[in-house]
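Chemist: Sequence:
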Amino acid sequence: MQSRGKVLFLVEVALFVALGVILDLFSFRAWLQGGSISLQMVPIFIMSYRW
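Numbering-wise (the UniProt record's numbering), the sequence shown opens with residue 1 and increments by one.
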């Protein structure tokens, strides 16, 4: 059962990394101070919450 948990973790990390790369292609308009909002952080927040 322990190895199944490790495999599940690795698969989820790979999926969220792929989702982050895809979401990196889309970003909102740059703000006045030069910053921008990226949707790439959403999968990272989900992974940190789950594990």
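Check the hints yourself; a few may be wrong.
Unchecked claim - Computed spacing ranges between beta-carbons, pair by pair:
1. Leu39 <-> Arg4: 26 to 32 Å
2. Gln2 <-> Met41: 19 to 25 Å
3. Val21 <-> Trp51: 34 to 40 Å
4. Leu8 <-> Met41: 21 to 27 Å
5. Leu39 <-> Gln2: 30 to 36 Å
No wet-lab data here; the hints were simulated from the structure. All C-beta atoms in this analysis are idealised placements derived from N, C-alpha and C, irrespective of residue type, glycine included.
Chemist: So which hints don't hold here, by number, going up?
Modeler: The structure conflicts with hints 2, 3, although it agrees with all the remaining ones.
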